[in-house]
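Once you know that position 123 of the sequence shown is 122 in numbering that gives the first Met the number 0, the rest is easy, because the numbers rise by one and skip nothing.
Hints are computed from structural coordinates only; laboratory data are not their basis.
All C-beta atoms in this analysis are idealised placements derived from N, C-alpha and C, irrespective of residue type, glycine included.
Just so you know, not all the hints are guaranteed correct.
[Unchecked claim] Per label pair, the in silico range of CB-to-CB distance:
| no. | residue 1 | residue 2 | range |
| --- | --- | --- | --- |
| 1 | 114 | 148 | 50 to 58 Å |
| 2 | 176 | 119 | 19 to 27 Å |
| 3 | 55 | 134 | 38 to 46 Å |
| 4 | 81 | 147 | 29 to 37 Å |
| 5 | 11 | 99 | 54 to 62 Å |
| 6 | 119 | 149 | 28 to 36 Å |
| 7 | 171 | 10 | 25 to 33 Å |
| 8 | 174 | 52 | 28 to 36 Å |
| 9 | 90 | 11 | 43 to 51 Å |
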Amino acid sequence: MSKITPQKRISQFNNKGLSVKKQKLYCVACDQELDHLRKSIIESHLLTPKHIQNSKNVASQKALDFSEENSRDLFLKDLVIGFGSANVPFHKINKKFFRRIFNKYLQPEYKLPSVTSLRRFLPKIYKEELKKIVTFFADSKVALLCDETSDSLNRSVFQIILIKLDLNSDNRPKLVDTLFLEAVNFET
0 MSKITPQKRI
10 SQFNNKGLSV
20 KKQKLYCVAC
30 DQELDHLRKS
40 IIESHLLTPK
50 HIQNSKNVAS
60 QKALDFSEEN
70 SRDLFLKDLV
80 IGFGSANVPF
90 HKINKKFFRR
100 IFNKYLQPEY
110 KLPSVTSLRR
120 FLPKIYKEEL
130 KKIVTFFADS
140 KVALLCDETS
150 DSLNRSVFQI
160 ILIKLDLNSD
170 NRPKLVDTLF
180 LEAVNFET
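Let's have the full structure, built from the sequences with the hints guiding it.
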């Protein structure tokens, strides 16, 4: 007999308002723990009038769900990565309209973070991304490209780029490091 996990039960029921908290199966709509080992209990719960009514109420609410542990940290991480990838400065989060939108759709116990809170995540995200890059290039032949240019503030910038020399995998260039140079001449 195979051991059924709460995650497997969720996939069996196509995520019908079920989630996992501390390795236990929960009904999000009813905020109730369910026995994930017995499929019949889950099926009967999903057909109860209470669950059907609660599901309608949850569907009508327009709030992000932070029911899982560390989900707030995941939200902040995604927010930092989203801002960074869209080239949006963190201080834009202080704009009234932007805050109004987020506060409207976030649950009351989760406030939009401050700029300082977002900046605290940068070192952690950097370390995670660096690990991904090291893992990606591990045991592979690589091409090293160096590029010297200037940025929008007219600072001299030296960029180190790696490309994986493997035709069967992602071989897009990866920016590994950016150095700001004091002076640019034939010696640097």
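Results of checking the hints against the structure:
no.	hint	result
1	114 <-> 148: 50 to 58 Å	violated, 29 Å
2	176 <-> 119: 19 to 27 Å	holds, 22 Å
3	55 <-> 134: 38 to 46 Å	holds, 45 Å
4	81 <-> 147: 29 to 37 Å	holds, 30 Å
5	11 <-> 99: 54 to 62 Å	violated, 40 Å
6	119 <-> 149: 28 to 36 Å	holds, 30 Å
7	171 <-> 10: 25 to 33 Å	holds, 32 Å
8	174 <-> 52: 28 to 36 Å	violated, 52 Å
9	90 <-> 11: 43 to 51 Å	holds, 46 Å
In this structure, the earlier hints numbered 1, 5 and 8 are contradicted, and the remaining ones agree with it.
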